[in-house]
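Line by line, the protein sequences are chains X, Z and F.
According to the numbering used here, the residues represented by the first sequence are 1 to 507, in order.
According to the numbering used here, the residues represented by the second sequence are 1 to 277, in order.
According to the numbering used here, the residues represented by the third sequence are 1 to 299, in order.
Hints in this document: simulated from the structure, not taken from any laboratory.
Some hints here could point you the wrong way.
What the hints assert, rightly or not - Label pairs and their in silico Cβ distance ranges: (1) Z:55 to F:285: 57 to 63 Å; (2) Z:47 to F:196: 54 to 60 Å; (3) F:283 to X:480: 52 to 58 Å; (4) Z:9 to F:186: 17 to 23 Å.
A quick note: this is a predicted structure, and the numbers were derived from the prediction, not measured.
In this text, a Cβ means the ideal position worked out from N, Cα and C, and glycines have one as well.
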Amino acid sequence: MFRGGKRFYNESVPDRCSAWHRKQKGRADVNQLRKKAIALIAVVVLTAWMISACGSGGGSGSSASSASESAASSSASGGAGASPSGQPASISVTAWGDPVVQSVFAKTIDQFNESHQGSINAKLQIIPTDYDTKLTTMIAGNETPDVAQMESATLAYPLAEEGKFLDLRPFLEKDPDLKIEDLAPLHGYYSDNGELFGLNSERETFMLFYNVDMFKEAGLDVPPADPDDAWDWDTFVNVAKKLTIDQNGNDATSPNFDPKRIKQYGVDFGKWWGLWGNFVFSNGGDFVSQDGKSFGLSQPEATEALQKLADLINVHHVAPSPTQAKSLPGGVNSLKTKKVAMLLDGQWMNLQFGNAKMNYDIGALPKLKKPVTMVVSGMFTIFKSTRNPDASWQVLKALVNPESASELMVTGNWLPSKRDWYTDPQILQKWTNNAYHPKGFSGVIDSILNHSVPTPTAYVKNFNKIMDLVNPALDKVWLGETTAAEAMNQIEPKVMAVGIGRRDVKM
Amino acid sequence: MRRRRTVKFALLYLAAACLSCVFLLPFLWMLRSSFTELSQIFEVPPRWIPHPLRIENYKEALTFVPFPRYFLNTVLIVALCLIGALLTSSLAAFSFARIDWKGRGFWFGLLLSGMMLPGAVTLIPTFVAWQKLGFYNTFVPLIVPSWFGGGAYNIFLLRQFYLGIPRSLDEAAAMDGAGFFRIYRSVIVPLSRPALVVVALFCFLYNWNDFFGPLIYLKDASRFTLALGLQQFQGTYQTEWGLLMAASTVVILPCVIVFLIGQKSFIQGIALTGMKG
Amino acid sequence: MRNNARRNQICGLLFAGPAILGFVLFTLGPMVVSFVYSLTDYSVFKNALHFIGLRNYIRMFSGADPFFYKSLKATFLYVVMAVPCFIAFSFALAMLLNAKIKGVAFFRTVFYLPSIVPVVASAMIWMWMYNPDLGLINSLLKAVGLPTSLWLFSEKMVIPSIVFMGMWSTGGTMVIFLAGLKSIPEHYYEAVEIDGGSGWRKFIHITVPMMTPTIFFNTVMGLIGTFQVFSEPYILTNGGPNDASLFYVFYIWREAFRNSSMGYASALAWVLFVIILIFTVFIFKSSKWVYYEGEGKGA
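Using the sequences and the hints given, assemble the complete structure.
Right, here's the structure in full:
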């Protein structure tokens, strides 16, 4: 600055002025040019973004149509897996990252590749977290996998509605090893137009777990395992009361019972739809009316069921304060440490119970009007954009086959997808004769075969959006701040605004 | 006077010690769970001394996923990001703080505004663009942005620090004939060392622990980073907590070390000899 | 002078060049695209963009969306509580750590630890602490006879609970304050001592004014950050109870990736953008209180 200043004083004034003007004009020209250049670059970059982001949608559309053509032709010819060039068909598989299950999938894929050497090479991609987000970006960016595990409540139906999946029924019809009849009931997911787009490799259902010792000590009869003999609700509440004890040793049937100082609870249960849904169905209710036109949960059958559950916490004081669906995993511990006597939860808990090495058993869920349990499951799908539909089918078949994942059945992690695993006594021996499947498990088998209903995610339209309204309303019900009927009636108009509908599917 | 000093120190110690208890809890829980059997981890109240002590958690955790591989990947990414971010963000901050140019305020504001739009909705266009350029399943999308400014946060942070350095130092250097780059290199950078160390620290920690970027942009498990490897212990319905905690302890150890080293640089502060206040 | 202006222009652009280029390439482009999405009913899976104009925005503001206003309110409450708490707490911690006591390096690391520990571990600890029946906090309160709370399961207390939790992870802000404190030349304090000033005088006349650029930075960043709070609802509360902690960015993520409504989520995001922008501009404009040693004028 100072240097420039010195120079300033040495030059003559007129020279400086004209020089200054020239410089100004020069600078102005350069400035103009620069501004234009910047504007041009900005426009080019932005246009490039727009094209890339918007064009991807169109791109996957065209590839989908060409893929479906080739799918039609190759499934008609029933060709083998290898593509015309003779290279092994490369099939990409995505699954979520359950650590125990990961290694089983990896083994399945490895065994599959060995037995199909030269014709099919499957690549397993475990997505450790945020499965839906990652899969959404992959699809947006044209990196769609061939075979993908799908969550029925989130991505599956939006994708199915856009026709992104292959219909699996033709594959089942043509397949020599696997037929639809071989599959256990509630075997997969159907779209609005009746296409079967997902087959489940595992399913789960719900039951009553209990600490045998606590029942013995209290001198009470254990819960029946056979769903036909299931306790009715009042019996269940009574037993729970006898097993709920306060600090002074009084149980909940005693007049001196102090609900503020409880040291042992009779029962605990999860607060998500998977659990309470069982009781809605048991009471003859549903999430959506039979004709698909009205909201099922605000009907008396449903609100009665919900209220009975909430009363366990707030009226009878046999269940502990509400904990969220994502709360501390502690069900098994609360039974082991004798803080809770009974747990209403899903079949997968057998894994933890078995590992905890405690004296537990399984009973049927208490019934309201009739014994009913819900079956929930994930699924595997094949994207239409796959270049090798037949090879993809072979891979999917391997993943769905309980034989390849038998160790998961043994440890109580999964329930198998094939019917004979529930009906053939020899096979049953194989996977249920161990510490992870106590005596009462026979009731579960009966339940699956004879008393099960499908998950609402399969047939309730806009399931997720409706749950976004139902769950917060139920928070208040569990806390005892409103009744179930009030809560459901309050949200009914909002639910109707989201859109009520029912997929007419027979599973 | 002496007495007041000791009392003051004693109180300070007491306060620090009490606070430390709460601050240490998450770390202690993590450490103790890393030695605990899965079925015992969630007992409430927690059993702080695990019995039995399960050292196998560490062995199993470190072999469940290829940790040495992940470590190399992470070090590569973090090192490159660090250099790029330090360089480009300090240069940019210097420009915004010390050089008077037209449009400066506009561009600074625009840069800052980029932080105000939640990333969830820019994820898809960003991903699609990288994929179209052919960089899906590479480290490029994870490293390159650091070389282009390294984030408005760092630029803003450094700008604030630079604004706090007296202009007279710049002017003195200019008088000696220094151009902008000389001023930047000889005046600003040395004086803003605490701030640069902070930026380096944050950059390291952010990239070391970032799992989301690698999750989205990487496909092959062999290219995963440590943070993403940690996620593999977490399932949608089940988590191997013991293994996860063991692995987490190992993964954050470098962070603790880096922090210990880095925070020594805060102690120096600024030595402004010959400066009139 | 004009020579310098030209030189300034070139150098200014040059130094900031990579950052500006980076912004245009990696940030501006996707921002514009997301704005375009906000005018559609895009769901990522659909094959083409279907423009619906301002319908998304109308849906939000007309009340047809049952979550919009609730989410905004919850987020506002959080921001208003969190920003002052975080700033004050981390400033106090930094002051504490600035003292020349032995072992301060140990304490600094300890105070910073929660920011390094994986979010999952912190979440577990706080879930235990906040457990209404068996948690540490309620046990302590019961022991001294104070009323307990349902904390994370109470509509009224869930946001303060989350703010309190967040205070313990303000290691980053604390570190910045510490760096700022360390940059204050010693002889400023000595000057006050010579004049016979006490610790309080030093604090008011030296520390606070010299720290205003840092306070300003942390406030702006705190604002931008707290408006976009995500991990607590995601990991701990799922937006509950009864949507009391349905913070805005969690809501956006839910709409975008769980409910596959990217178009609507983009519109929500842009509304938040405008809100944050307004607040930030307001803070910038009213920042006459910031004292820059180097400039002698406000930001």
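For each hint, the structure was consulted:
no.	hint	verdict
1	Z:55 to F:285: 57 to 63 Å	holds (59 Å)
2	Z:47 to F:196: 54 to 60 Å	holds (57 Å)
3	F:283 to X:480: 52 to 58 Å	violated (43 Å)
4	Z:9 to F:186: 17 to 23 Å	holds (19 Å)
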